Amino acid sequence: ISTGMYVSIVTKASPLAREAWGLSNRMTGRALTAIGQHGGPRCCKRDSYLAITAAVDFAAEHLGVQMAQGDIRCTRCHMNNQCLGKGCPFHPANK
Numbered sequence: 001i002s003t004g005m006y007v008s009i010v011t012k013a014s015p016l017a018r019e020a021w022g023l024s025n026r027m028t029g030r031a032l033t034a035i036g037q038h039g040g041p042r043c044c045k046r047d048s049y050l051a052i053t054a055a056v057d058f059a060a061e062h063l064g065v066q067m068a069q070g071d072i073r074c075t076r077c078h079m080n081n082q083c084l085g086k087g088c089p090f091h092p093a094n095k
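Under our numbering, the sequence shown has 71 at position 71, and the numbering climbs by one with no breaks.
Hint data in this document are derived by calculation from the structure and do not stem from the laboratory.
Be a bit skeptical, because a hint or two may be false.
[Unchecked claim] Listed next, with one range per pair, are the computed distances between beta-carbon atoms:
no.	residue 1	residue 2	range
1	63	85	30 to 38 Å
2	95	20	16 to 24 Å
3	18	70	29 to 37 Å
4	79	39	14 to 22 Å
5	62	41	25 to 33 Å
6	75	38	12 to 20 Å
7	19	91	14 to 22 Å
8	18	78	30 to 38 Å
Computed from a predicted model, the values in this text were never measured in an experiment.
Where is the CB? At the ideal position from N, CA and C, for every residue including glycine.
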């Protein structure tokens, strides 16, 4: 489920709900922008961590929901031959 979907569930959005539908799409856009700014190569964990971080910030700004955000550290970088290493904000070398 995408982060935008979570916003849809919380706000009870539907394609007919003007503001809630817009919020859901804006959240999806924010997550995709965060992922796009880091570029590739592909990394499912990095993209998930970026989307979650964007969702936490978005929820605080638009829904008044404060969520704890811990220190995210990747534990799977050794499994990805295309890992960005220190170029990834979640790589252990950056913590």
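Going down the list of hints, with the structure as the test:
Between residue 63 and residue 85 the beta carbons are some 35 Å apart, a value that agrees with the proposed interval 30 to 38 Å. Between residue 95 and residue 20, the C-beta spacing of about 37 Å breaks the proposed range 16 to 24 Å. The given range of 29 to 37 Å is respected by residue 18 and residue 70, whose C-beta atoms sit roughly 35 Å from each other. Separation of residue 79 from residue 39 is about 20 Å and conforms to the stated range, judged on CB atoms against 14 to 22 Å.
For the hinted restraint 25 to 33 Å between residue 62 and residue 41, the CB-CB distance of approximately 32 Å keeps it satisfied. At roughly 18 Å, the beta carbons of residue 75 and residue 38 sit within the given window of 12 to 20 Å. Separation of residue 19 from residue 91 is about 38 Å and departs from the stated range, judged on CB atoms against 14 to 22 Å. For residue 18 and residue 78, the hinted distance range of 30 to 38 Å is not satisfied, since their beta carbons lie about 47 Å from each other.
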